[in-house]
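*Asks:* Could you build all of it, start to finish, from the sequences and the hints given here?
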Amino acid sequence: MISNILSKYDFGKISIATLASHSSLQIFHGAKAEGFSTIAIVVRDRLWFYEHFRHLIDYFIVLDRWSDLCREDIINKLISLNAVIVPHGSYVEYVGLDCAENIPIPIFGLRKLFRVEANQWAKMSLLQKAEIPTPRIYTINDYIDKPVIVKMPGAKGGKGYFIARNRDEVINGLRKRVEEGLIKSFEEAMIQEYLVGVTAYYHYFYSPILNRLEILGADIRYETNVDGLRRAPQDVLVEIGAEPTFVVVGNIPLVLRESLLPKVLEFGMKFVEETKKSLPPGVIGPFCLESIIDDNMNIKVFEFSGRIVAGTNLYVNGSPYSYLYWNEPMSTGRRIAREIRLALERNAIEKVLT
Amino acid sequence: MISNILSKYDFGKISIATLASHSSLQIFHGAKAEGFSTIAIVVRDRLWFYEHFRHLIDYFIVLDRWSDLCREDIINKLISLNAVIVPHGSYVEYVGLDCAENIPIPIFGLRKLFRVEANQWAKMSLLQKAEIPTPRIYTINDYIDKPVIVKMPGAKGGKGYFIARNRDEVINGLRKRVEEGLIKSFEEAMIQEYLVGVTAYYHYFYSPILNRLEILGADIRYETNVDGLRRAPQDVLVEIGAEPTFVVVGNIPLVLRESLLPKVLEFGMKFVEETKKSLPPGVIGPFCLESIIDDNMNIKVFEFSGRIVAGTNLYVNGSPYSYLYWNEPMSTGRRIAREIRLALERNAIEKVLT
Amino acid sequence: MISNILSKYDFGKISIATLASHSSLQIFHGAKAEGFSTIAIVVRDRLWFYEHFRHLIDYFIVLDRWSDLCREDIINKLISLNAVIVPHGSYVEYVGLDCAENIPIPIFGLRKLFRVEANQWAKMSLLQKAEIPTPRIYTINDYIDKPVIVKMPGAKGGKGYFIARNRDEVINGLRKRVEEGLIKSFEEAMIQEYLVGVTAYYHYFYSPILNRLEILGADIRYETNVDGLRRAPQDVLVEIGAEPTFVVVGNIPLVLRESLLPKVLEFGMKFVEETKKSLPPGVIGPFCLESIIDDNMNIKVFEFSGRIVAGTNLYVNGSPYSYLYWNEPMSTGRRIAREIRLALERNAIEKVLT
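Residue numbers (the UniProt record's numbering), protein chains in the order written: chain A, 1 to 354; chain B, 1 to 354; chain C, 1 to 354.
In case anyone wonders, no lab produced these hints; they're calculated from the structure. For glycine and all other residues, C-beta sits at the position ideal for the given N, C-alpha and C. Just so you know, nobody snuck in bad clues.
Covered stretches of chain C (chain A as the covering partner; in silico rule of three or more C-beta atoms under 8 Å from a C-beta of chain A):
#1 15-25
#2 224-231
#3 237-248
#4 251-260
#5 315-325
*Replies:* As structure tokens, then:
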């Protein structure tokens, strides 16, 4: 399907399109640095904001709602602009899985991965098949004898997540979330062993063109209210009756102990290999492994993202890691555009689009 | 008054002056990058330190005490050097409100704002008039039924701030601070609703020349002892009898979830508009909104700074945001100098000086 | 001894060698930026990882174990490549003190300092002689009436450290660590007053060539599990029975309140002066003071590192501070190479090698 569309494209006039949210400013900025035109697909009420960055945006496609992306006139517009869609962490969440994976526009990345990512169990299973260490997963019927973290479906930035000490607390928490309409049934939530350690998020870029995996950065998420609660005295917390919540509102830069990097790269390579095997041609471009490091420096990966993550927004001008590979400011957004440019130069664009 | 002085200035020889503290190294660095001469106004016992940065400083004006800034000989010296003062977060604190707002030297920024900033209630009132969401404010006579944070006057970096659970704790805490000489009467302290969420500080730059508002960065403050206490076990805290204190000693970089940026920019624009209305010509150059983000991603602004904040020191070589506007390393310090240069080029220097 | 070896070196072909770990990628990156050849001394099982960075590495010297560094054939290889060794925070830990200080290869830095650093008491004593404020140190026989932190010997990144509230808890904790084989006797551990405040690590560079001390950066360490525990609710912590551990797995950027910088620079200068006096010719190149800042902004230094620290990995492309000194991206790794280059240009290489 995509090769059909590509056959009509003018490769000298490729433009890079993304939904105006998440990491889109970085993606536009990187695309311009590599000489591409850019398309902001934007919902009407955010248009004013993105117009402040019109020096980074050549075309605006204004939608009433995100799901309109798959309307025929929008598709035709995108094709007429020789558009390549760069999916980011909010792409599937915003347009829905059906539109996301069936849109007849070339996508930079592995389209097949969207369906895996949409299902928490399929995600964890992919990590397990890759032989990357993961936390234990419980079902609601298991005997739960130690703390767990319970996660809602979808990439809503941690909304509704909670910690429970036993099965009763899990059930109470889930009941509340059903009432709040966050989930419809208990089965939608994933119950994971609560790992003691620190969180760390690793940003990778797999280049099918250079046939190499790059570590482009790392970050820590800044989550409300949990990262605020730690600043309140215990008696105030009791007074407030505050329970920790885990809504991501930002990211903080991190570098890793260098002796951890071989393991971090190894896990990334395992991820690449497993996707090549079970979801050929395998992951393309940016992905992220999301982990806990314990005090024996064991890393367990509790989630992944198959696309560019928001933590890369820290590194619009390059990261401590990207400077090790590239002697120029290389964000993940720019790296995507660079990969497309390299692919075009080598007549291998079909290697990076699906 | 200022136009009188400006009429004597040699605009080809403008120099940028600031008090040697707070963010002065960034301001000097930025001024040099834009080709200006620089003047460090420094108290004698810090002179040795700033001499280590004499490659960034053309002139030293050495004072015995900060308040000497308004001495006639110092004023004359500044005028002879065609000086523009860049006020930073410690400016009013150091030289006193009278000198700060009456000094007969052109100031980059809105001089009228100093008096508002010197009064916590006037500050909050300005935010409210701008229709920016703020926390509830209590008076000492109110019935206080939930945790509050009590703030001392002046930009002393959080010194003396405390959390209280009820009116009795407020009164006890205030009594202690009167005894310590931090305040003279209870009324000097502001009692604000304790907001549950995470702190985030947004750095803005309003350009009267380009007629646009830029987001130049964001940060989290690093506060002693509160950010250390969270690393101590609960039983040790009890043993120590440690109460959280909130003295800012540094800053940590932050990027925000992109979907929060429209709200962040909107609040900044409201601030600009309100100052244009009630304090014409309105804010000029850098300012900062200081906020809590809760887990519904609501933002409440609990304070502002009408000048360059210390968090911008993170971005001497540009921030993830400033690179989106400027394809060169643009700190807030350099942005100030750039604005002055743009104003000079357009014969509009009176638009940025008051 | 070193002057003998240096007399055989071809100064036009100096190469920079370091153990492939800790901050080696930064060191290689900086060396290349200054035009030097680089040598990665690497243990076999990490070779694959460093081969991903072969664009930064000219020669690999592969060892079966780190201590093979002092084998005659390896020494001869290093000499034939005109190698200068850059010791980093893992150097002594990996190759052992004897090899580290006796290796007949020029070292960038103060070789004599290794022995001091290997002994926690000698380290603290050097700080005290320099008149830098330090925490109180207890012996196991002292009456311990307030919380202490107990530190294991060697630069193992905080492994085994624990907090205790009294002598009984100290003894229990130490007993456990003897059983675990972390220490052989109680006397190996250092018992320090537990300081209430926030941690801050200052990166310095002393240049014998320019005869100046530069502040190149600052950071906060990211430690597992202590920086994760703060995100767990108190009742969960009790359930888990988790005790804080302090294993460094990464670093987070920090800038300091500018009014703290004179004190920070002063402490660094005291350190330089004391090492000149008691360990002539004194410290050369990078070192780090590791501190707690309390809410009166008093700084106490609880440890130092006489070499490049891992926190500098944050600043591969320069730090907010290094940009104040150098109008180009200057990491500590590059600063080392720059110092060697400056020394070569001025025929003063013996000033920076020992």
